[in-house]
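Given the structure of chain C, go ahead and fit chain Z onto it with the hints provided.
2 protein chains.
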Amino acid sequence: MAPPTALDVQTTSDTQIATFSDKFSVNGVAARRSNEPRISGGVAAHASSEMFKGPGYGKPKAKRWDHRLTLESLARKPSSLKGAQKYLSNPEVEGLISLGGGLPSSQYFPFQNIDIKVPVPPHFSEQEVKESGIVKRTGKHDIAEGKSIYDIHVALNYGQSTGSAQILRFVTEHTEIVHNPPYKDWQCSMTVGSTSALDMAYRMFCTRGEYMLTEEYTFSTAAETVRPMGVKCIGVKMDEQGLLPSDLDSILSNWNSAARNGAHKPWLLYTVPSGQNPTGATQSKQRREEIYRMAQKHDIYILEDEPYYFLQMQPYTGPNAPDVPPPSSHSAFIDALVPSLLSMDIDGRVMRMDSFSKVIAPGVRVGWITASEQIIERFVRHSEVSTQNPSGTSQLLMFKLLEETWGHAGYLDWLIYIRLEYTKRRDNICYACEKYLPREVASWNPPMAGMFHWMKIDWQKYPSKEGKSMLEIEDEIFHAAIDKGTLTSKGSWFRAETDNPGNDMFFRTTFAAAPPDQVGQAIERFGSALRAVFRLEEPGNGHVEEARDGHVEEASNGLAKEGADGHVQ
Amino acid sequence: MAPPTALDVQTTSDTQIATFSDKFSVNGVAARRSNEPRISGGVAAHASSEMFKGPGYGKPKAKRWDHRLTLESLARKPSSLKGAQKYLSNPEVEGLISLGGGLPSSQYFPFQNIDIKVPVPPHFSEQEVKESGIVKRTGKHDIAEGKSIYDIHVALNYGQSTGSAQILRFVTEHTEIVHNPPYKDWQCSMTVGSTSALDMAYRMFCTRGEYMLTEEYTFSTAAETVRPMGVKCIGVKMDEQGLLPSDLDSILSNWNSAARNGAHKPWLLYTVPSGQNPTGATQSKQRREEIYRMAQKHDIYILEDEPYYFLQMQPYTGPNAPDVPPPSSHSAFIDALVPSLLSMDIDGRVMRMDSFSKVIAPGVRVGWITASEQIIERFVRHSEVSTQNPSGTSQLLMFKLLEETWGHAGYLDWLIYIRLEYTKRRDNICYACEKYLPREVASWNPPMAGMFHWMKIDWQKYPSKEGKSMLEIEDEIFHAAIDKGTLTSKGSWFRAETDNPGNDMFFRTTFAAAPPDQVGQAIERFGSALRAVFRLEEPGNGHVEEARDGHVEEASNGLAKEGADGHVQ
Numbered sequence: 001m002a003p004p005t006a007l008d009v010q011t012t013s014d015t016q017i018a019t020f021s022d023k024f025s026v027n028g029v030a031a032r033r034s035n036e037p038r039i040s041g042g043v044a045a046h047a048s049s050e051m052f053k054g055p056g057y058g059k060p061k062a063k064r065w066d067h068r069l070t071l072e073s074l075a076r077k078p079s080s081l082k083g084a085q086k087y088l089s090n091p092e093v094e095g096l097i098s099l100g101g102g103l104p105s106s107q108y109f110p111f112q113n114i115d116i117k118v119p120v121p122p123h124f125s126e127q128e129v130k131e132s133g134i135v136k137r138t139g140k141h142d143i144a145e146g147k148s149i150y151d152i153h154v155a156l157n158y159g160q161s162t163g164s165a166q167i168l169r170f171v172t173e174h175t176e177i178v179h180n181p182p183y184k185d186w187q188c189s190m191t192v193g194s195t196s197a198l199d200m201a202y203r204m205f206c207t208r209g210e211y212m213l214t215e216e217y218t219f220s221t222a223a224e225t226v227r228p229m230g231v232k233c234i235g236v237k238m239d240e241q242g243l244l245p246s247d248l249d250s251i252l253s254n255w256n257s258a259a260r261n262g263a264h265k266p267w268l269l270y271t272v273p274s275g276q277n278p279t280g281a282t283q284s285k286q287r288r289e290e291i292y293r294m295a296q297k298h299d300i301y302i303l304e305d306e307p308y309y310f311l312q313m314q315p316y317t318g319p320n321a322p323d324v325p326p327p328s329s330h331s332a333f334i335d336a337l338v339p340s341l342l343s344m345d346i347d348g349r350v351m352r353m354d355s356f357s358k359v360i361a362p363g364v365r366v367g368w369i370t371a372s373e374q375i376i377e378r379f380v381r382h383s384e385v386s387t388q389n390p391s392g393t394s395q396l397l398m399f400k401l402l403e404e405t406w407g408h409a410g411y412l413d414w415l416i417y418i419r420l421e422y423t424k425r426r427d428n429i430c431y432a433c434e435k436y437l438p439r440e441v442a443s444w445n446p447p448m449a450g451m452f453h454w455m456k457i458d459w460q461k462y463p464s465k466e467g468k469s470m471l472e473i474e475d476e477i478f479h480a481a482i483d484k485g486t487l488t489s490k491g492s493w494f495r496a497e498t499d500n501p502g503n504d505m506f507f508r509t510t511f512a513a514a515p516p517d518q519v520g521q522a523i524e525r526f527g528s529a530l531r532a533v534f535r536l537e538e539p540g541n542g543h544v545e546e547a548r549d550g551h552v553e554e555a556s557n558g559l560a561k562e563g564a565d566g567h568v569q
Numbered sequence: 001m002a003p004p005t006a007l008d009v010q011t012t013s014d015t016q017i018a019t020f021s022d023k024f025s026v027n028g029v030a031a032r033r034s035n036e037p038r039i040s041g042g043v044a045a046h047a048s049s050e051m052f053k054g055p056g057y058g059k060p061k062a063k064r065w066d067h068r069l070t071l072e073s074l075a076r077k078p079s080s081l082k083g084a085q086k087y088l089s090n091p092e093v094e095g096l097i098s099l100g101g102g103l104p105s106s107q108y109f110p111f112q113n114i115d116i117k118v119p120v121p122p123h124f125s126e127q128e129v130k131e132s133g134i135v136k137r138t139g140k141h142d143i144a145e146g147k148s149i150y151d152i153h154v155a156l157n158y159g160q161s162t163g164s165a166q167i168l169r170f171v172t173e174h175t176e177i178v179h180n181p182p183y184k185d186w187q188c189s190m191t192v193g194s195t196s197a198l199d200m201a202y203r204m205f206c207t208r209g210e211y212m213l214t215e216e217y218t219f220s221t222a223a224e225t226v227r228p229m230g231v232k233c234i235g236v237k238m239d240e241q242g243l244l245p246s247d248l249d250s251i252l253s254n255w256n257s258a259a260r261n262g263a264h265k266p267w268l269l270y271t272v273p274s275g276q277n278p279t280g281a282t283q284s285k286q287r288r289e290e291i292y293r294m295a296q297k298h299d300i301y302i303l304e305d306e307p308y309y310f311l312q313m314q315p316y317t318g319p320n321a322p323d324v325p326p327p328s329s330h331s332a333f334i335d336a337l338v339p340s341l342l343s344m345d346i347d348g349r350v351m352r353m354d355s356f357s358k359v360i361a362p363g364v365r366v367g368w369i370t371a372s373e374q375i376i377e378r379f380v381r382h383s384e385v386s387t388q389n390p391s392g393t394s395q396l397l398m399f400k401l402l403e404e405t406w407g408h409a410g411y412l413d414w415l416i417y418i419r420l421e422y423t424k425r426r427d428n429i430c431y432a433c434e435k436y437l438p439r440e441v442a443s444w445n446p447p448m449a450g451m452f453h454w455m456k457i458d459w460q461k462y463p464s465k466e467g468k469s470m471l472e473i474e475d476e477i478f479h480a481a482i483d484k485g486t487l488t489s490k491g492s493w494f495r496a497e498t499d500n501p502g503n504d505m506f507f508r509t510t511f512a513a514a515p516p517d518q519v520g521q522a523i524e525r526f527g528s529a530l531r532a533v534f535r536l537e538e539p540g541n542g543h544v545e546e547a548r549d550g551h552v553e554e555a556s557n558g559l560a561k562e563g564a565d566g567h568v569q
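Protein sequence lines correspond, in order, to chains C and Z. What the first sequence shows, in full-length UniProt numbering, is residues 1 to 569, in sequence order. What the second sequence shows, in full-length UniProt numbering, is residues 1 to 569, in sequence order.
Chain C with its partners taken away, still in its complex shape:
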């Protein structure tokens, strides 16, 4: 039996929704839909966010980025075959039969129905889904039979690179509800995940021999994707709020092309503003505004990678203070989120990458980007000769869940549920760190978002006679922790500049996957490893042996106790 969550007592009643009465609210979107054209039930039907957005009265148009696009991206042309499809929607040619495209017949798709059992808001826990989840069925010909606007016959055939209209509509509306981009010609396109979207973005923006900007410690895949393309990363210094606009300014104002083999001053910034990987840092609203102003000053284009945006958690109050009450309504929830760079992007200089990986499931391999019409068009030109379109199976499941079961209100309920669950997990690891890590050498900030806890190790306190380098000491700690039974990630793995290890030492841990009781145990082992490496005394008597039997003492806080009671798989 799952423990009750704060959401059980939170309802999404009409009164609450009514307090969020902006035209880009959940209700506003619902009202607007009644005026929209019907979604085509055809195979590979064209779709664009323009069909689903609210009116952009008074908003400026995005800037053009021709001067930033690569030769490869500029050279992409629309497919001649897809161009021929325009005749199929030409009203002058009634009864046109297409022998043009090589689409297989859905007659030979060997799936008759796909049923999923999913939770009904607000009963989201695994146990509740078993008890009260509902089954949503998709048939092969639901559209023709009038049962749905999406079915196997469409989802499992070829599709457009923007994604199916059925799911593109949902993410477009969701983006408007949450971010309401302040320029007129923004659009969304579905992706096969942000890792692929980032690879495509690099091909749109990065040229061999040039540099790009990232956080000093950055998502290692983001750097490992671009380096083989002959592009180097310049790391911007960070504090607990992530990258420092002053250092960004300094790097760019003092750029010396001659000293960089003629490379131009960089103008592409990759950033993870919320719950940054690996540091867990979250940029405040003010920090984001400063970064955006600096982007304007130096004409930077920003890749905003935000898988953890909805893993922004409740404020951390520590083990001995009461928790902050959960958001009281959808609007209060959205207001509690730090505004995105997209939400302040009056120039259209941001490509935002959104992901379902951390809030639904990574295996669906469906995400979306939001950017200006020009950038989306170039992105789609690339996608259609590469990934083509996200898995139709996944798009179908996401549609059935988000559109037909939850709706926008239910999805926000789910995101609030996830927020509170991750708050518990974050609190659990912080309590464990406070209890088990030696403060003499370890320090950290409780993360406000994401999955990662980033610990600074004062390596200067290493018993110095052996004269080891920082990286050697890092390696010693890493292996000492493994010997004690805890696998962490070395901070040096995340350095943007591989030839510059920096002056500080960090370890990254994640509190997302392991069950909370194991997280406590693992942190205790890590503390023990640190004490061994730094020759510090173990606290108390016999404590560590006890912990290695798999027993974590109860923290003084109910949440941590709840997290450790084993109900998490």
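Treat the hints loosely; a few may be bogus.
Cβ-to-Cβ under 10 Å is the rule here; a few derived chain C residues that face chain Z [stated by the list, open to error]:
| # | residue |
| --- | --- |
| 1 | ILE149 |
| 2 | VAL385 |
| 3 | PRO390 |
| 4 | LEU396 |
| 5 | MET451 |
No wet-lab data here; the hints were simulated from the structure. The structure presented is a predicted model; accordingly, all values stated were derived computationally and were not measured. Using N, Cα and C, we set each Cβ at its ideal position, and we do this for glycine too.
Same frame as chain C, now just chain Z:
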């Protein structure tokens, strides 16, 4: 009610299977499995074809391709984070708790069950699935509950770029049953579809300013993907069996770098050997052997794109001769297929791309490649920082269908069913062409594989006084056909060399998607358009008007009649 198919009387009895007793047969694979290690039930578990292949006794190792890989591909390194995962499978560290990787917990995947209703061999038609299909359920924790070796908890989390072991095993075995590559260190990797695999292959093999080889008329996406990378296509001349080895030899033997801005002699060949898009040409066994020998002579690496391999059809006998009986067994079916280039690849110089798009459904966006260990390793290094892994939803559905419902024998039954269905569709369009097209200007070969019917138009017979160019006449025919109500594809769209229109005119039609009765109608309209453009007399009186009412006269052959009776959606 679906008409009976030849498969209804074909059984896959033990006696029939026993005749196919090679060690790489369906039965051989089943026997071998009993000696294999168990598939790990872990999240993102490592998988390799090496775990699932038969012993490669006596086979040579593949050649190395370091001299052919791009700077980008050579520079790719294994992910440092993925490298850390090796400690998790280290038996020396018992009870290791990983706080390393950023995997979300499946506790928060909002899918409890996924059920699919699928056909049981040999009852494959849509009607039969309704009546006798079975429901296969996947639960979230089926592995832990001992119900299956694959479940939602694994499939919907992050995975390896090779694909999940559960489905990789099936395609590895299938590849061995059908192709049995003649070198030792071949492997498979799942892809997110051949279009993406091709884009990745280009990045592994193609450098700006260089040339690559394709058929003279080629899959337009294949050319449109590579051109923006600054790589030009050289078209190799073709006959009814596809590309001509003699012309390949001539191009390469006479290559003049100086006349090509210093570009090296090309050494990458993209080819679609079976049911080539757009020409429908299928290379014979002898032709393939000649092409392979030429590849050896000039040290060519081959990208073998084979989406239509299993759309090889029964021999064409025409409307007035009896049909060829369907394959009598799985081995007879496999023997009736033209051997692949992979099956003759003793050097490991072929990357074969296989697809489920034409035989299961394009929307699953799951396919696989087969190549030597070196090439697969480089491909995986790229995938893991780009597409990451195919949709888990799709891998799960394919596993439930192919592995848990059909098995290898059932999948071959399905492929035989598809073969016979496409034979009917091919026959239908050929009968229509024979009936409705003006032989004075139109000629064609009945396709032996694929989805496309390629028609040559003798444009020299165009009433010449107007002095139009070939491309202008092609455009006139294209639009005349649209005006009559038929959309086709222009042959010129498929020219490998965009600045060289060639001397001949073609139109491509497909018989895969439109219902057979509409295909007949569309061909009749196209014939009418040709007659109008070339000022030829309409045959008979009033015939065309009749056809435009949507009524196609019955052909004299039962199959065509059957195909036109409307049971096709």
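Original post:
Which of the numbered hints above does this structure break?
Top reply: Going through the list in order, the structure violates hint 1 alone and respects the others.
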